Each structure stands twice: as structure tokens, then as C-alpha cells.
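**Student:** Next come the chains, spelled out residue by residue.
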Amino acid sequence: MSHKQTSAAGGEHTRRSTPPFEARILHLVPGVRERRAIAEGQVDAILDPATGRAILLPDAQTALLALKHQFRSLLDLAADGDWEQDDQHRFTACNGTPLGAARCADTLGRCWWELGFESVDPIAWQNLRAQLAAHAAFRDLELHQRDDDGTLRHLSVSGEPRFGADGEFRGYHGITRDVTARNRSEGHATQPQPVERATLNALVAPVCVLNELGIIIASNAAWRVWAELPGAGVEVGSHYVSACRAHGALAPFDSEAIGAGLAQVARGERAMFQFEHGFNTANGPRWLMVSASALRAAGVAHLMLVHEDISERKRRSQWLMLESTVAARLAHAADAPTALHAVLAAVCEAQHWDCGQYFAHDAATATLGHVAQWSDARAAEVSAFLAQSPIGRFRADAGLAGRVCQAAQPLWMRDAHSDARAASALPHEIGLRGVFVFPVMADGTLCGVLVFGSRNELNEPDECCLRSVSNLGNLLGHFLRRESELTELRNSEQRYRRYAALGCDWHFETDSDLRFITTTATGIAGVSDILGKRLWELPHLRVNDEEWTRLKAELAAQWSFCDFACTAVMADGREVRYALSGEPVFDAAGVFSGFLGIGLDITPRQR
Amino acid sequence: MSKKSPSAKSKPRIASETASAQVSLCLYVAGNAPNSQLAVSNLAAICEEHLQGRFQLEVVDVLMTPLRALADGILVTPSLALLAPQPAVRIIGNLNDRNSVLHALGIT
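So the protein sequences, as listed, match chains W and L.
If you use the working numbering, the first sequence closes out at 607, no skipped numbers anywhere.
If you use the working numbering, the second sequence closes out at 1108, no skipped numbers anywhere.
Bound-form chain W, shown alone (with noise of 0.2 Å):
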């Protein structure tokens, strides 16, 4: 192989000019004489005043040269190419095959990392610059550059450090061997036996095989359909890590995480090795599975390589925790519009949707009514828009909602600026774009309807985010029934209440030992003076033992009593006549619970 000689100071050296040693020989002979003899090969050695020793002439300079000679003909049996750098990492000189270049001179003056090498392992590159910073030698770093017409070229590079005679750092010194042919070699022989390649291509997932420096060296029909897609660009012949990070299928961190996984498998130092991957597309987000496992073929380490698309698995997921969430915060909480707020915030925050609102529908007016609103704090412009929106009724014809409301089915827009649908129906002012309307219903019946907004276009809904959407819809719809249902029952205990107050001056509860658990209006006495207690137990009532054994009979019995008069000494002395009358309460299951019971101040119609 041939080599063509080039410094980083004075270009390529020429038999014309004179070489380095006789330069150096005559820089310590400045008398014309003996420059004269030395120049007609009468001189034998030369004295160097600065080290006072004798420098042998011409025999060294012959040895010199000859070792000269033979090691750069063992450098060329044992490498393509050698190089230099200076003490900060610069390559001073680059003879044989160019590193990171077209040319060797046009390496001169870089670094490692300024050569722009495709498919570096970034663990590879820590290595180095770790080995670099210690000083110490490095062995067959594999570095990989495209030639101009684009093949992939594979090189092996080793360096050792330089020190000068005072044991100071001057830099790098090694070779690179071009490996191209050795890995492509390699890769044929452990090419798949056609059964193998049948089976492997079989798997219906991608599968692909590294060697034990990480490149791929096989692939199924699946993995080839994948790499062709945009952005995946990962064939055999790549390296896997380097590849995916450059097409920009996976993240910096993704691909660094990877790789130490990829590394410790092939190591040995774990079994398998799986990591969740998720990356963006045209059409929404995605998630792929990589799992590696290690082969062994021939003493030689392998990887092979699992690419799992879980999207699908990960989408229903997410929309199962959105549920599960949703139904979470239903059950805390503690009335209608924080259920709804906190439904609007809990469905934005999970689709990273900007707003959503709630109307209500009103079945006898035909109309719907803004109920509640929620929008997410970083989107200010949609913020100030709903903050400043007038918040009424409007048919429930009109509008995007009103088509949810007339046909209870959902109904979303990929982009609203693109959907006549949305041509008067959305504030476009706010940069609201993908828009979700979804009904809310209980039991068949339309309660309401949800409605968000986003900056961002929407993907479409598949089948597993249509069925979340009704499941979430019904979740709320049921919420909001029996809501409905709770606070009518209220509104029906408070008159139930009204009217008991106005036909008695008091009422009680007791519990199954007869013990009063609350007391309502004017009492017989301080409510603290009751509670916890029993009738018989109450120390100001004044009643005959006899009648104290009928009542503690019935009770005991479980039976409704009436007018069960006694009389109740008040504080100021005064005594008050009253007419006590109550039932027992029996639960569900017909256990007894207590007594429900009224009292009324006899002492008027008695007098």
C-alpha cells in the first residue's frame, strides 16, 4: 500500500528538500568545512554541544533509515494508514487512509470529535475520551464514515500516547486499519442457513441480529418494512444505537440508555434487556418495545433484537388510567361543579388538550346551559377567552354541541381551521385547532355535553378512544343523576322537616339502646342534656313509675307509643307538660335502629 507523506506544517515532503535528520545533523555543524565534509561523506560522527555527546555519521544515519524503512514497511503489512496528533488531541499528521475526510489533509488540525464519523457508539466515544484524558494507549476503536459515493466504510483505530525525554505529553500516535472488508465478511458468515432465515422472517414482529460491536448483521422481512419507513432508516450494515439516534428515531437519552443496555446484555451481566420507547409521528404518538436478548453463534456474541409496536396497548391503557382516574375523582368528590371541574381538568391534563367545558341539558326548554369550565393555565390566550365568555343558554340545535346533543353520538375535528363544520362555531382567534365534543348520558338519556379544545391538531379516535369517551360519558352522566336524585331527596327531607317543625315543638331520634342520637327544635332540655341518654335518664322529667314501666315495656317491645305525657321541670322552675309519641325505625334488612319521635308542649290545652 502506498503512502504519501503529509505534515501538518509543511505539506508533502519532496526529495528535493532536505530531510528532517540530515537538518537536524547540520543545525549542529555550522562551519562551511564541515558542512563540506559531511556533505561528501567523509565525516564519521559529530559532536552535539548541547547534549556533549557523539553522534555517529553515516553509519546511524544508514540504520536509521533502514529501521526507518522497515518499520514503515511492517506499518503497512500491519495497517492502511498512521496518523499523529499534538497534545491537544489535533491530528498533526495523517498518512494512508483518510479518518473522517476526504482527504488526510484535510484532517489536520481536528479531533476525534470534529470528524463528523456517522455511527459512533456514544458509550465508545465516553471510552475514548475517558482513555484520552488518562493518557492511555486505546485498541480498535471502530469508527465508521462514508466515502463520496456513500459507502459505508468501517475503521479500526489504536493509538498510544507520546511522552518527550522529560516524561511531558506531546500527544497521539497510532494506526487505522480499514475493517470494511473484515465486517463484511463477518456478517456474511454469520448470515441466517435459509431454515433460520425463513423462521426469522416468519416473526411478525421486526427482529433484527447485532454482533458484538452493536451493528446489524441480519434482519426479518419485518424489520426491513420498518427501516423503510421515514425517519427509522436502521439496515443492515448500521450501527443500531448510532443509526436510530441519527435518523432521529430515538431521544439522546433514549439511545444512550439503550446502548448501556445493549452493552451489558452482550456482556452477560443480565439476561435481557427491554426498554419502552416512545416517539412522535404525522400521526400521533408512538411506542415501541425494544427488547434484546443475547445470542451465541459460533463463541461469538450476539444481540438479537425485538422492536414490539405497543401503541395500540399503550393508548388503551392510557385511556383505561384515564377512567379509572375520572371515576376516582367522582367518587371525592363532594357535589356537582367540582366533580365536573375536576373531570374537564383530569380529560385536558391526559390528552394535553388546552380546555374543555360542560353544558347541560335541558330536556324541557329544548336548550343547553353553561355549567363549568376548565382550561389549562400555560394556554393563556384560551384562558383570558373563556374567562371573558358570556356564560348562558343557548338551543341545543346550535353550534358543535348542539349536533352532539341532536345526534348523542361524538363528533371531533381534526383541525377546525381546515372544517367548515367550525367555520362559525369556534373562537379561531385563540389558536384553537383540534376539537372533541362527546355526550354525556345516563341510562340512555342525554344529560350533557363535554366539549374541548386544543392548539394542537388532533389525532383521530380510534376505536379504544370512542369507547373510553362513552365510558367517561356515562361516568359522569350517572355522577350527575343521582346527584340530581341526591339533591332533590334533600330538598324533600328539608320540607318533610319543615312541616314535621311546624306540627310538633320538637323531634328525636334515639338509637337501638333507646339512647337519643339527635334532637331537633325546642327540647325538653339542653341538647347536651340529652344526648347519650335514655328518657327515663333525663333527671328533670317527672314521671310516675307506673307510667315509666309501660313505656320502658313498649319500648322494649319495639311498639309505637302516643301522648305519653310527662312533665319537664324547666330551669327557671317553671313546669312544661308534654306529650311525647314515637315509633320504631327498622332498616333495610328489618333490623331494629332506633325510635323516631315528636314531642308537643301539652302545658296551654292541659291548663
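In case anyone wonders, no lab produced these hints; they're calculated from the structure.
Predicted model, so just to flag it, every value in this text is computed and none were measured.
Check each hint, because a few of them may be wrong.
[Claimed, not checked] The following residues of chain W were derived to be distant from chain L, with all beta-carbon distances above 12 Å:
# : residue
1 : A137
2 : A331
3 : D462
4 : L466
[Said to hold, decoys possible] One side only, chain W facing chain L, incomplete, derived with CB under 8 Å:
# : residue
5 : G31
6 : V43
7 : I46
8 : A50
9 : R53
Using N, Cα and C, we set each Cβ at its ideal position, and we do this for glycine too.
Following the hints, position chain L against chain W.
**Tutor:** Same frame as chain W, but now just chain L:
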């Protein structure tokens, strides 16, 4: 080719001086290097033929005593220094050109 020292040029030696006086020479060599061996044999022939016992010769091996040579102002070997009679002369090379050497030493 050997040359005369500047001092020899500035003051030409009279041939009869060296021809009759005791000659003191110092030859600086580098071990058994080819030119050094040649210089030794060439100088031996000159001394035997032209000086015949009227010379004193010291051979300094710069590989053994380089500092001595440096102290004498010698930078390359082989070098022949004529120390006496004055003026001093220094001849560089393997002394193959006998006429030049004899001329520089003032023998012819």
C-alpha cells in the same frame, strides 16, 4: 576534501619549518568508523614517509571522551589538529587527499 584552517591561510607555513621541527598532532576519531579508520591509516602513511620519528601523535576517540574533543573545539570526526609548530591547523575528513594534507601541514 581537506582544507586548511583560516589561520594557515592568513599566514602561509614555510615548508622547511615542519620538515625540520618536531611535529605535534592530535587525531580525533569515532571508534572504528570507516572514515576514522581511513584517517588513521592515511596519517600513519604520511608520518612514516615524511616525518620519520619527528612527530608526536595523540589519537582521541570521541566516542570515549567526547567532552575532550568539544573542549578542543572539534565538532566532527575524523579531524586532525596540528598543534605544533605554530600556527595550528585543523584538517577535517579522512585525509585521503594526501597533497592537500601535506600542504596544510607545511610538509611540501
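**Student:** For every hint, state whether the structure bears it out.
**Tutor:** Now the hints, each set against the structure:
no. : hint : result
1   : A137 : holds (36 Å)
2   : A331 : holds (100 Å)
3   : D462 : holds (91 Å)
4   : L466 : holds (97 Å)
5   : G31  : holds (7 Å)
6   : V43  : holds (5 Å)
7   : I46  : holds (5 Å)
8   : A50  : violated (10 Å)
9   : R53  : holds (6 Å)
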